[in-house]
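*Asks:* As a plain string of letters, each chain reads:
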Amino acid sequence: MSIVEVQGLSKRYDPPKGVLAVDDVSFTIERGEIFSLLGPNGAGKSTTISMLSCLLRPSGGDATVDGHSIVGDAQAVKSVIGVVPQDIAVYPDMTARENLVFWGKMYGLAGVELTSRVDEVLELISLVDRQKDRVDKYSGGMKRRVNIGVALLHRPKILYLDEPTVGIDPQSRRSILDGILTFREQGMTVLYTTHYMAEAQELSDRIGIIDHGKMIALGTHGELVKIVGEEARVDVAVDRQLDGMVERWSGLRGVSKASVEEDHAELLVDDANEVLPHLFEEAAGGGSRITSVNVSEPNLELVFLHLTGRALRE
Amino acid sequence: MRRLWTLAGKDLLETRRDRLSAIFIVIMPIAFTAFFGLMFGSGSDRLALGLHDADHDAQSQQLVAALEESDAVRVVPKNAAELEAWIADGRAAAGLLIPEGFSAAVQAGAPAELVLVGDQASSGAQAIVAEVRATAGDLVAASRAAQVGVEAAAEAQGQTGAAAADVPAFAQAVATQAMEEPVVSLTTVAAGAAAGQIPTGFTLSSPGMLVNFIMFSLLTAGMAVIMERKNGTLRRLMTTRVRRWELIAGKMAGMFALTFFQQILLLGIGQFVFGVDYLNDPAALLLMMVALSLVASSLGLLLAVLLTSEQALVAAVVITSMSVSALSGAWFPLEITGPGFQFVGHLLPTAWILDGLRGIVARGFGVGDVLPALGVALAWSAGLFGLAVIRFRLT
Chain A
34 MSIVEVQGLS
44 KRYDPPKGVL
54 AVDDVSFTIE
64 RGEIFSLLGP
74 NGAGKSTTIS
84 MLSCLLRPSG
94 GDATVDGHSI
104 VGDAQAVKSV
114 IGVVPQDIAV
124 YPDMTARENL
134 VFWGKMYGLA
144 GVELTSRVDE
154 VLELISLVDR
164 QKDRVDKYSG
174 GMKRRVNIGV
184 ALLHRPKILY
194 LDEPTVGIDP
204 QSRRSILDGI
214 LTFREQGMTV
224 LYTTHYMAEA
234 QELSDRIGII
244 DHGKMIALGT
254 HGELVKIVGE
264 EARVDVAVDR
274 QLDGMVERWS
284 GLRGVSKASV
294 EEDHAELLVD
304 DANEVLPHLF
314 EEAAGGGSRI
324 TSVNVSEPNL
334 ELVFLHLTGR
344 ALRE
Chain B
-7 MRRLWTLAGK
3 DLLETRRDRL
13 SAIFIVIMPI
23 AFTAFFGLMF
33 GSGSDRLALG
43 LHDADHDAQS
53 QQLVAALEES
63 DAVRVVPKNA
73 AELEAWIADG
83 RAAAGLLIPE
93 GFSAAVQAGA
103 PAELVLVGDQ
113 ASSGAQAIVA
123 EVRATAGDLV
133 AASRAAQVGV
143 EAAAEAQGQT
153 GAAAADVPAF
163 AQAVATQAME
173 EPVVSLTTVA
183 AGAAAGQIPT
193 GFTLSSPGML
203 VNFIMFSLLT
213 AGMAVIMERK
223 NGTLRRLMTT
233 RVRRWELIAG
243 KMAGMFALTF
253 FQQILLLGIG
263 QFVFGVDYLN
273 DPAALLLMMV
283 ALSLVASSLG
293 LLLAVLLTSE
303 QALVAAVVIT
313 SMSVSALSGA
323 WFPLEITGPG
333 FQFVGHLLPT
343 AWILDGLRGI
353 VARGFGVGDV
363 LPALGVALAW
373 SAGLFGLAVI
383 RFRLT
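In order, the protein sequence lines correspond to chains A and B. Residue numbering for the first sequence follows this note's numbering, starting at 34 and increasing by one per position. Residue numbering for the second sequence follows this note's numbering, starting at -7 and increasing by one per position.
Chain A with its partners taken away, still in its complex shape (with noise of 0.2 Å):
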């Protein structure tokens, strides 16, 4: 049962000559489940999750969160939703537990409700000792997670985290790519974007591939991967010019796609295994030796650069 119905989503700023940010997206996301939009900085992601929030109002197009109409019905789109911006969204010169109180009332929290949620919170954030210290003090990783537990007061049925480990320590990363496999344990319904492939492939139960706009596939991990069949992608360096090797080799069986990147060339092959090695002989026969090699699988990586002839670079 979806939670997010998205049905032709767009957001044009500056009209009527303005960027087109989101171009007719639609998408569901279902109860329980994480959703993760994942594209290069400025496909859309953040205004897509800007207009889902209601922060932005929608060019063309509609969604319903909870059955609630982000153009007609604001306010009851923002009581099921917990936001959690890309920034550090909180008051630096106030303690963790004063940003948690000051967040709670803004929800509509009061009273014993709001205490015990606050307690409840710093509890699954991990900083009931430190919450008397303002979060000045703290952290970029504890920072972090007050910027998430401010978004967990109300217990919004869904939660959405807009690119929420970009600049942080691997640790933290880890701790709070944990936190939302808990939630999703818990029931909660995760919206979540990113231009890391590595994090929505771990965390997603379904993706959305979203670039210059628009949503060019959707579907499972396994779905995704699918798009490129069972090619995998082998990165060869040379010590001498590309140009004429990449030529050789794209004549190949089993080499479907060759193409010069910097300083190595870029082949999607069939098997690895079989090709590899007329790889180095091809090189051999043209007075070249091959100096590095690397095989990639088949992954959401391999989907954007065949999808969109790009890279999605981390």
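There could be a bad hint or two in this list.
[Stated by the list, open to error] The list that follows gives simulated cross-link-like pairs (lysine-lysine, DSBU-like), each with its CA atoms no further than 30 Å apart:
no., chain 1, residue 1, chain 2, residue 2
1, A, Lys247, A, Lys259
2, A, Lys259, A, Lys290
3, A, Lys176, A, Lys165
4, A, Lys190, A, Lys176
5, B, Lys222, A, Lys290
6, A, Lys50, A, Lys247
7, A, Lys165, A, Lys190
8, B, Lys222, A, Lys176
9, A, Lys170, B, Lys222
10, A, Lys247, B, Lys222
11, B, Lys222, A, Lys259
12, A, Lys247, A, Lys190
13, A, Lys50, B, Lys222
14, A, Lys247, A, Lys290
No wet-lab data here; the hints were simulated from the structure.
Let chain A serve as the given structure and place chain B on it in line with the hints.
*Replies:* For chain B alone, kept in the frame of chain A given last:
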């Protein structure tokens, strides 16, 4: 509504934690009030009375000496031409002309005449009339009583027995009859409407610095909004159930509370440390405080809405507070400026508020007297707030 107060309370908490704010909100205004107060001369809150003694005789000089002793007026001796100029440009609340023959009239027991020149509608001039009437009345009455006593004593010298014993009663009866007649006639002559008291000392500096630094506190209040916009909390607030109007009103309420609290502090120090009598009319004072906080908070909100960077806000607040303070008469009384400057100054609500505050302190203004200032402030606040609402944006 609860969210609105929570927002305002949060802003106040953040301001309280910002040590730099205390310098602008409390320390600098007190220091500047003391500095300007001493510079413009403390202890000179008495009403300025320009005085020309054309009589220059015993009784006129006694009257001048008695007025110089007065707690209510400050005598500024002037010749006839200067007197006129002083009253015309408002440097004296009123002018007193002691005509030739004043002493002779007093000595002859005839009604003595004084001429008071001033704006009869001005509370300052009215206070001076009362003071001059009382002082001159005492002087002339004493002189007349002494004459009666002398005459009675002279008459008694030629009498003996029971008749001589009646002399004190006779003298008393004559003196009483004399006192029932007008002892001094005070003719008031209308002068320019600008006539009034020019504030000096702490009466000048305390309300002036109050307005000046309330304007400066826009920096603290506006910065809170700019920082919220910058760190994304303003945007995040709109993902909660806070309505747009609650957010804007909450921000303004925070600014209002901050400036109102600042006023309580500075007015308290003015009253109890610098001896400026703000509590002459508490209700009128409260109206002026509300007016000033409304103007300041709506202006602060508009600046914070229009400007996007801290640097731009600092520049705007410095320029705004300096120019508004100067034009409104916060640094020097508008009465000493020309009509053009006064007109421009009174296009601003702060000039009206300063008139109101100084009127309460020095001219006995009540609620009715400050209503025009309140009206001007309300109109300005509504306009500034409306503009801020229209231009309000989250990012």
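*Asks:* With reference to the structure, classify each hint as holding or not holding.
*Replies:* Hints versus structure:
no.: 1; hint: A/Lys247 / A/Lys259; verdict: 20 Å, holds
no.: 2; hint: A/Lys259 / A/Lys290; verdict: 17 Å, holds
no.: 3; hint: A/Lys176 / A/Lys165; verdict: 13 Å, holds
no.: 4; hint: A/Lys190 / A/Lys176; verdict: 23 Å, holds
no.: 5; hint: B/Lys222 / A/Lys290; verdict: 46 Å, violated
no.: 6; hint: A/Lys50 / A/Lys247; verdict: 18 Å, holds
no.: 7; hint: A/Lys165 / A/Lys190; verdict: 29 Å, holds
no.: 8; hint: B/Lys222 / A/Lys176; verdict: 17 Å, holds
no.: 9; hint: A/Lys170 / B/Lys222; verdict: 19 Å, holds
no.: 10; hint: A/Lys247 / B/Lys222; verdict: 29 Å, holds
no.: 11; hint: B/Lys222 / A/Lys259; verdict: 43 Å, violated
no.: 12; hint: A/Lys247 / A/Lys190; verdict: 26 Å, holds
no.: 13; hint: A/Lys50 / B/Lys222; verdict: 27 Å, holds
no.: 14; hint: A/Lys247 / A/Lys290; verdict: 25 Å, holds
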